[in-house]
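S.K.: Got chain A; can you put chain B on it based on the hints?
Protein chains: 2
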Amino acid sequence: MAIDTRDDILERDETTNLIASNKVEGTAVYNRSGEKLGTVSHFMVGKRNGRVEYAVMSFGGLFGMGANHHPLPWDVLDYDTDKGGYVVDLDKERLEGAPSFARDQEPTWDRDYGTRIYGYYGLNY
Amino acid sequence: MAIDTRDDILERDETTNLIASNKVEGTAVYNRSGEKLGTVSHFMVGKRNGRVEYAVMSFGGLFGMGANHHPLPWDVLDYDTDKGGYVVDLDKERLEGAPSFARDQEPTWDRDYGTRIYGYYGLNY
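If you're matching them up, the sequences are chains A and B in order. Each residue of the first sequence is one higher than the last, beginning at 33 in our numbering. Each residue of the second sequence is one higher than the last, beginning at 33 in our numbering.
What the hints contain is simulated information worked out from the structure, not anything from laboratory work. Please note that the accuracy of each hint is not assured.
Because identical chains share one entry, a pair is satisfied inside a single copy or across any pair of copies.
Straight-line alpha carbon distances no greater than 20 Å define the calculated PhoX-like cross-link-like pairs of lysine-lysine that follow [claimed, not checked]:
no., residue 1, residue 2
1, K55, K79
2, K115, K79
3, K68, K79
4, K55, K124
5, K55, K115
6, K115, K68
7, K68, K124
Same shape as in the complex, but just chain A (with noise of 0.2 Å):
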C-alpha cells in the first residue's frame, strides 16, 4: 500500500474543497456536540461578489410544515471534512429562538433581513 505524499494529501484535500450548487442541498449541519439539526436546503449567494451569505438549514417539519428554514450566516459555519458536513456553535434551544422562515414565505433578502439575522448571531451584517 502506498504511502500519501504530501501532493496526494494535498491534491485529495483541494479536489474534496469545492461543491457544486446544486448538489449543496442535503448536506448535514452539525451542533459542537455533534447532534445533527438539519440540513443545508441552499445558499443564498451574492450575483456580484460571488459570496455565500447564507446557508439555509431546514429540517424536517411534519408534513413538510411549519417555519422550519433557517439561514444561518456563512461565518458561523465550519466545514468538517470528517463528518463530510457543517459545524455551527449552536445548541437547539438557541436555534428555536432564531429567525426562521416557512418555505412558501421567503423573505426578503434585504439590508433589514440581513441586519436582523446576522445580529442574532452576534456579527455585523
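M.R.: Relative to the frame of chain A, chain B by itself:
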C-alpha cells in the same frame, strides 16, 4: 406615481443582489456585443471559504452531447442587472478554444485544473 427615494433604490438593489443556489441554473451569459453565449449550469463553491470559484456555463449541444460545459473563473463574470444575466469579455472564437468538458466527464476540481482554467483567462488561481 411615487418617486423612488434613495432608500427604495438601495433596498431594491440589495434585494436582487442575492440568488438562491438552487435557482442559479439558466442564468444567461452574454459577451460584450450582447450575444448570448450560454447559460449558467451551476456554480462551484468553496465548502470552507464560501466563495464561488467557477460558474459552469453550458450551451445547448445537439442531443445534449459534446463538450459543452465551460468552467468560467468567477472574476471574468460581471453581473448586469438590466440584462438579468452575466457578461463576459469573451468572443465566440475565444470560447471555442476554452477548456470545456462533457456533462458525463466532470473534471477533478483540483489545483492543477484551477491553474489551467484560470490561466486560460489570464488569471492566477
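S.K.: How would you classify K55 and K115 at a CA-CA limit of 20 Å: within, between, both, or neither?
M.R.: within (17 Å within a copy, 27 Å between copies)
S.K.: Please work out whether the CA atoms of K115 and K68 approach to 20 Å or closer within one copy, between two copies, in both situations, or in neither?
M.R.: within (11 Å within a copy, 41 Å between copies)
S.K.: When no copy is named, should K68 and K79 be tagged within, between, both, or neither for a Cα gap of at most 20 Å?
M.R.: This pair counts as between: shortest inter-copy Cα distance 18 Å, intra-copy 30 Å.
S.K.: How would you label the pair K55, K124 (within, between, both, or neither) given a Cα cut-off of 20 Å?
M.R.: Cα proximity of K55 and K124: none, with 26 Å in one copy and 29 Å across.
S.K.: Up to 20 Å between alpha-carbons, please classify K55 paired with K79: within, between, both or neither.
M.R.: both (19 Å within a copy, 12 Å between copies)
S.K.: Checking K115 and K79: alpha-carbon separation at most 20 Å within a copy, between copies, both or neither?
M.R.: So K115 and K79 pass the 20 Å test across copies only (13 Å; inside, 29 Å).
S.K.: With identical chains, the pair K68 and K124 could be close in the same copy or across copies; at 20 Å between alpha carbons, which is it: within, between, both, or neither?
M.R.: Within. Shortest intra-copy distance 10 Å satisfies the 20 Å Cα cut-off; inter-copy 47 Å does not.
Hint 4 alone, counting from the list given before, is not met by this structure.
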